[in-house]
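Chains as they are written, first to last, in the numbering used here: chain A, 1 to 282; chain B, 1 to 305; chain C, 1 to 547.
Honestly, the hints are just simulated from the structure, not real lab data.
Each residue gets a CB set at the ideal place from its N, CA and C atoms; glycine is no exception.
Possibly wrong hints are sitting among the right ones.
[Unchecked claim] Coverage of chain B stretches by chain A, computed from C-beta distances (three or more under 8 Å per stretch; other residues unrestricted):
hint, stretch
1, 141-153
2, 166-177
3, 260-267
4, 271-283
[As the list claims (entries may be wrong)] SDA-like, lysine to any residue: derived pairs with alpha carbons at most 20 Å apart:
hint, chain 1, residue 1, chain 2, residue 2
5, B, 7, A, 108
6, B, 7, A, 24
7, C, 230, B, 78
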Amino acid sequence: MILFRQRPALVISAGICILLICIALIAPWLAPYDPTAGNLLDRLMPPFWQEGGSLQYLLGTDVLGRDILSRLLYGARISLAVCLISIAIAAVIGSTLGIIAGYMGGWVESIIMRLVDIAVSLPAILLALLFGVLFGPSFSNIIIIIGFLLWSQFARMARGETLKVKQNDYIDLARTAGCSSLDIMFRHVLPNVAASLIILATLQVGTVIIIEASLSFLGVGVPPPTAAWGSMIAEGRSYVISAWWIAMFPGMAIMFTVIAANVLGDELTDLINPALRNEIGI
Amino acid sequence: MTGYLIKRLVELMVALLIMSLLVFSLARLTGDPVALLLSDYATEEERTTLTQQLGLDKPLTEQYVIFITAALQGDFGNSISGNQQPAMELVLERLPASLMLASAAMIISLLAGVPMGVIAAARRGSKTDILIRVFTLLGQSIPVFWLGMVFIYFFSVQLGWLPTSGYGSLVHLILPATSMALFTIAAITRLTRVSMIDALSSEYIKLARIKGLPERVIIWKHALRNSLIPLVTYMGTFFAMMITGAVVVETVFSWPGIGRLAYQSILDRDFPVMQAVVLTTTVLFMLANFAVDLVYVWIDPRIER
Amino acid sequence: MILFRFLPLFLIQKCNSFSYGLKNILMRGYSAVLVVALLILLSACNNGGESSIDDNDRLVVAMPTFGEFTFLPWNGSTGRKLYLDPIYSYLLYIDPENGELLPGIAQSWEVSEDGKTHTLHLRQGLQFQQGWGEITSTDIQFSIEQMIAPEAIAGPSSVLRRTIQEVRAPDPYKVEIELSIPDVDFIRGYLSNGQSLMIVSKSYFEAVGQEQANNQPIGSGAYEISEYDKDVSITLRLRGDRENLWRTSPDFQEIHFLAAPEEFTRVAMLKTGEADLAPVNFDSINVIERSDLQVTFVPRNWTPVVRLGGLTERYNNPEVPWSNQLVRLAMNYAIDKQVIIDSIFHGRGVVAGTDTPSRGLVNIEGFAYDPDKAKELLREAGYPQGFSMRLKTFTTSPGAELPIVAQAVALYWEAVGINVSIEPTNWAGLRSAWITGNATDVAWTHRGFPFTTPLAGLQTSNYSDSLFSTFADNITDDYLDRIGEELDPGQRQELVMELANYLRDMGSIVFIGHIDEPYGASKKVGHWPTINEQTTNLDLIERANLD
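If we strip away everything but chain A, and leave its shape as in the complex, we get (with noise of 0.2 Å):
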């Protein structure tokens, strides 16, 4: 309650992002059609509240006559599911380096960051459509492609914090008492610098959403039949002046989960840990 007076929008979008996960959790029970079974002789009918719409089909169908509101509910899912696994592969693997890289120096350090700094600097996307193109389109490719994408700013990131927390005197401490470097690494440093991942983790969120569709415009998205909102949206694209649900009900999602994440992004920042903004930058 009181977090609630002190930082409202800390907790709205916390909420959203908590609803969010739910609805997704429990699309089956929620959704009154399999996302993936049409009928086509009920294909492209409107929302309920326009001319041709029916209660059947609240949202309306898209191009197969498949419900829309139940391939939103169930695109939450695959959407969020893209979304949390591929940031979680991009933040294991690029805190992992950060944190080796921040805590070793020396050469180690020189080496992975050099690294760090060409993959930002290749045109990845390109590299990503490449690897679409030539693996087919599927889900785990996509989470790879993604997390190919972002593993770079979370090394840049744990390097930064892992640099920081060095300089605390229980490090040295650890290290006199014997602790192995290993062990330092995880016991001690990880658990000072996942704040901040946790913090970039969430404001990745709306990025990979957004990535997820671009790329299905660019037909290497989650393949159909099966919902994801970026798919759905690209499945729309020759449907905007024609059939403008198909593509903006899973639009609005989008809009609503990015900016709920990128919300709860900027809160959690202003209140574990305020000088990252500028790290950050977004």
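Given the coordinates of chain A, assemble chains B and C onto it according to the supplied hints.
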């Protein structure tokens, strides 16, 4: 400075090497360009001939060595499809359109983003600040192709103010540049706001206030100058991202940039063009980062060289 | 070089962005200067102004892509015919009203008894554009020789290379084509405007060389090239020497082609009047008709099908369930093709029993919708519980609807127990999987073309020697050989029908329908005599009377 330049150069070389290897091998795995060149009635014999003609029957390592030695001499081979134009020529033909679009988007982002960020920071917590924040949140939450379509629908189809698509004159540039800019406007606004807030709470600003300098001068001169550094850091990345990230915008607005060329070459398995595009953009990315470094040194000579 | 010209701009912009913050007082003035400077820079890159031709005299066509960057007939794909056909002329034309052969550059033609020597008598006095002289037999000879050169990649070059033994030019107005294998339908099959054998000027080509001929085509058609901006626009104008217009006298002074890869953008261009004609998707038809626009259809111009891998000797895979004929039949019976045509294709098509909408084959009856029979057949074949399979899909033009068709087919198959996972791919990826033998365990959506003769179509898909065949066995090979050798047209047609019926009965592929191809058009566009067989005929479009 020399040391710095050498370091950069080495980095560029390593990046180019990595990229050339990656593109080369990924490309060869994606399939066989011969398949697309053969006509529907083709026979096995024709396929063998064509494969030999293109040199695709040689072992991969040999192909790579041939490619890299020629590339070092500036020869990226000829496009496989159609009239077999030199691949690098195709890329350079498209580069002006890409740079034009990216520059325009960048300028729009800066012209809109920096002042908004400054105003939001100066009036922190006010309604204006909230409004600007809402705008930045929206800007970062709309997929750019979707925005582009909405723009076309609204400004071209409904209002008839601007052409839907195409290339040639300035009016054609407005919609694609603006749709591309929206995301970066948001990013730059947030960046400026955050660093302005920091700058405004620093000691020397307090000092300037005590000295009685007008608030306008404090904000727009002293504080802004110091909050530009993080902005400059991201500038290189933004610009580079715009050049390749433009694939989507170029498709929606029929813009003849290198993003679309890259995408098409991937779809056509046009290896030489693919390699030329990717390596060119790598160089562009590196140059952008290099330019950023130079600007850095210029802003703040204390930064190590 | 271009890179270096633009690098300063790029650096200036970076520095300016910074200075802009410094010059506090002048900020507004400065940014104004910055903008103006950039506007000048940018507008300096413009490519000149609009043409002076009245809007009413210009036809603007938006197309997804120009294809390969070349105007040489033998150097690229047939997708380019839309803008090449008005420039070049053909030896013969297909009458857009009834499909009969009409004289073109060739005034008359005859076939020897053995079906091997084809003689063409040329019309006299036909002139190439821009003063490149009269069309003579050497130009025909040259054009054909380019088409069958080893490096030619255009559609028919492969088959022509195999069949043509020699091209002779005994006198300026007579051409003799000697075939190595008899083909009485050769002239109709490969020399008309349904194919890609456009006639180029030999003397022009030899004078300027391949590089210039690539970008500056000289033909003998009604339109000549005026401007070409790679991947942006192609402008054709009525040929300057009007007295040499010979086949058509078009209403439009200028045809302006714009490349617009995105369907949405093309529809928007039609709505704003930026384009007068553009291929569109079926689901855009309603939007277009609601505006002040019209939709015209090229009748029965393509045939969506699902091809099944592993059914030829070259790509044989006995493991796939559909190697059993009963399974293939079940897959055909399981789909309600009429509903697919009525919904996805707005009723503009007929259920098909072949994979090409070629004349004479359109009438082969397709399979009825009978899910119970499908289930029974599956049971009989030993798949009572159905099976799982992969279905690849991609878009083409026409054929933007193929992925939707794939999903619809998957839904119908699901209902009889066939579990389908859809894999989006692209044309190049599929084709390379196909010819490397990596597509023997999958099915894929595909599009059949209107071939100029049924034989040409059947040879592609059903001849063991063809790299891109999907169903071939001894029987089909035998039929095709016999059809090739048959000199009597009636007998030949009978054999073609027999083979087509055999292919249908075998369930050689999964048939869907013969479908129209929709074009959105402005009110400016009047009567457009068009027929399938890939005769795009933009020079025949009449301007509507707008009064």
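Hints, verified against the model:
For a cut-off of 8 Å, the count of residues in the stretch 141-153 of chain B with a CB near a CB of chain A stands at 9, and the three-residue condition holds. Counting residues of the stretch 166-177 of chain B whose C-beta lies closer than 8 Å to any C-beta of chain A gives 0; at least three are required, and the coverage claim is violated. A stretch counts as covered by a chain when three or more of its residues have a beta carbon under 8 Å from one of that chain; for the stretch 260-267 of chain B and chain A the count is 4, and the coverage holds. Here's how the stretch 271-283 of chain B fares: 5 of its residues keep a CB closer than 8 Å to some CB of chain A, so the rule of at least three is met and the hint holds.
Of the supplied pair hints, the one linking residue 7 of chain B and residue 108 of chain A holds, its CA atoms being roughly 17 Å apart against a limit of 20 Å. Note on residue 7 of chain B and residue 24 of chain A: the hinted pairing is violated, with a Cα-Cα distance of about 48 Å set against a maximum of 20 Å. Of the supplied pair hints, the one linking residue 230 of chain C and residue 78 of chain B holds, its CA atoms being roughly 17 Å apart against a limit of 20 Å.
The structure does not agree with the numbered hints 2 and 6 stated previously, though it agrees with the rest.
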